[in-house]
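Protein sequences appear in the order of chains A and B.
Going letter by letter, the first sequence gives residues 287 to 539 in my numbering.
Going letter by letter, the second sequence gives residues 3 to 163 in my numbering.
Please keep in mind that the hints were generated in silico from the structure rather than gathered at the bench.
Note that this is a predicted model, so its numbers are computed, not measured.
We put the beta carbon where it would ideally sit given N, CA and C, even for glycine.
Heads up, a few of these hints could be off.
[Said to hold, decoys possible] Now the in silico label distances, taken between C-beta atoms and shown as ranges:
id	chain 1	residue 1	chain 2	residue 2	range
1	B	S147	A	D345	39 to 45 Å
2	A	R328	B	R126	53 to 59 Å
3	A	P329	B	D136	23 to 29 Å
4	B	S147	A	A518	29 to 35 Å
[Claimed, not checked] Which bits of chain A does chain B cover? Going by a derived footprint, with three or more residues having C-beta under 8 Å, they are:
id	segment
5	289-303
6	333-344
7	401-411
8	479-485
9	524-531
[Unchecked claim] Residues from chain B shown here face chain A by an in silico Cβ test under 8 Å; the list is partial:
id	residue
10	S79
11	S95
12	G97
13	I99
14	T100
15	Q120
16	A121
17	A138
18	A143
19	F145
20	T146
21	A162
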Amino acid sequence: MRHVFATMGTVASIDIANDDERMLPALERVFDEVDQRFSLYRPRSELRRIADGQLTLTDASDTLRASYARALGWRGLTDGHFSPHRPDGVVDLNGIVKAEAIEQAGRLLTNGGCRGWTINVGGDILVDSAHGSRPIGITDPTDASALLCSVSLGALPTDTRRALATSGSAQRGDHIWLGGELRPAPFVQVTVIADDIVTADVLATAIVAGGTRALDQFTAHWDIDVLAVDRAGDLVATPGFRAGAGVAPSALH
Amino acid sequence: MKTRAVLGSIFASVAVLIVGWQAGDAVIASNTATTSEASGASGTPGTSGSTATTNDSTTGGTTSGSATTTDGTYTGSSVSTRYGNVQVSVTVSGGAITDVTALQLTSAEGRSVQISNQAAPILRSEVIAAQSADVANVSGATFTSDAYLSSVQSALDQAAA
Numbered sequence: 287m288r289h290v291f292a293t294m295g296t297v298a299s300i301d302i303a304n305d306d307e308r309m310l311p312a313l314e315r316v317f318d319e320v321d322q323r324f325s326l327y328r329p330r331s332e333l334r335r336i337a338d339g340q341l342t343l344t345d346a347s348d349t350l351r352a353s354y355a356r357a358l359g360w361r362g363l364t365d366g367h368f369s370p371h372r373p374d375g376v377v378d379l380n381g382i383v384k385a386e387a388i389e390q391a392g393r394l395l396t397n398g399g400c401r402g403w404t405i406n407v408g409g410d411i412l413v414d415s416a417h418g419s420r421p422i423g424i425t426d427p428t429d430a431s432a433l434l435c436s437v438s439l440g441a442l443p444t445d446t447r448r449a450l451a452t453s454g455s456a457q458r459g460d461h462i463w464l465g466g467e468l469r470p471a472p473f474v475q476v477t478v479i480a481d482d483i484v485t486a487d488v489l490a491t492a493i494v495a496g497g498t499r500a501l502d503q504f505t506a507h508w509d510i511d512v513l514a515v516d517r518a519g520d521l522v523a524t525p526g527f528r529a530g531a532g533v534a535p536s537a538l539h
Numbered sequence: 003m004k005t006r007a008v009l010g011s012i013f014a015s016v017a018v019l020i021v022g023w024q025a026g027d028a029v030i031a032s033n034t035a036t037t038s039e040a041s042g043a044s045g046t047p048g049t050s051g052s053t054a055t056t057n058d059s060t061t062g063g064t065t066s067g068s069a070t071t072t073d074g075t076y077t078g079s080s081v082s083t084r085y086g087n088v089q090v091s092v093t094v095s096g097g098a099i100t101d102v103t104a105l106q107l108t109s110a111e112g113r114s115v116q117i118s119n120q121a122a123p124i125l126r127s128e129v130i131a132a133q134s135a136d137v138a139n140v141s142g143a144t145f146t147s148d149a150y151l152s153s154v155q156s157a158l159d160q161a162a163a
C-alpha cells in the first residue's frame, strides 16, 4: 500500500506491505517530531528559538546538537560546499534533517520486521533493499511534468546501495563562488546514489554548490554515482549511473 | 543483457591487469637492477645521478643511468584507494619509462575494479526516455507541498492508492 502525507514543507510517499500498516502512526511521528524541532517556519521550534537568540546552542537538546555536529562534519568533508549556516549566519539544518528523518524512519521499519518498503520524501528516496526495488524516475529540470530517465538501484549484483537523492540549484540560490567571484551554478540539478540517504542528500547539495570540481572530487572519494544536469540542459553521468539507467556500454566514453 | 555486457567489460579490464601483473613479475625477476621502495608512487630516483639503492644482490647492477634518470625498476608504495590497494612498478630504460605495471589491485567486489568513476558527458538520446508508467517513484529537486499537486509523483501516488 502507499501512504501519502504532508510533512516538512513537502510530501512523503511511503510504500509498505499491507500487513505493515500498523507502523504508519509511528512513522508519521518520526517526521512530525523532526519537523517540530527543526522547522525555522515554526515560531516555537527549537531551531527558531536559537535563530532568534532565545536559546544558545550549548543549551540545546542533545538531538539538535547531534544534527548540528553531523552537519559540521559534512561541511569539513565537502570543503564547505555543504554548510549548516545560512549566509546571514543563522543555523539552518534543513539540508540534513530531512535525510536524517528518512534514515530514522527506515530504521524503524527495519526494526519492526518490515520488508520491501520505499520511503520517498520530496524526491529523496531510501529503499529497504536495492535488489527488487522498482526503477526511479528522475525529473527533467526543464520540464517538471517530464522525466529525464529512470534508474534502477542494484543494477549490478554487487551493488547494494539503497539511497538516491536529488538537489536543485533553486534551493540554494542560483550563484556559487568560483575562482573568487560569484558565478551562475553550473548544475541546475544533481542526483546522487549512495549507501545511505544522508550521504546522498548532502553530496547532491554540495555538488550543486561546488560545481564540476566538487563533482570530480566527490566521485573519487565516495562510493557514489551521479547524474548532473547543467544550465544548458546537458547531462554528465558516472559509469555506474549509466549502467543503472540502462545505457548501452557502447555509449560509454 | 546489459548487466552481462558491463560485467564482460570489467572482466576484460581485470584480465589486462592480470597479464600486466605477470609481466611485471617477469621484469622484476630478470631485471639486473631492481630498486625497491622509491618514495611515492612515481618512484623518481632523484636527479643526482647516483646509483639507486638495490634491494638485493642481483648480479651486475648496471645502474649506469643518465644524468637525470637511473635505469631500473622502481616500486611505489602501496596506496589504499576506494578501488582497493594499488601499487605500481615503473621500469626505466635509457632514461625513459618503458613499462608501468600494477603490482597490486585488489578488489572485493565487481564495482571496485573500475579505475575511474568520473562523470562524463552523456547525450539525452543515450538515456532511455522513461515513461511514468515504468517507475514507482520520482526524484527531483524537492517540491513544495503546493508543487507536489501537479507533479509526476502525485500522479504515481494516486495511481498506487
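* Any hints from earlier that this structure breaks? Give me their numbers in increasing order, please. => 1, 2, 3, 6, 8, 10, 11, 12, 13, 14
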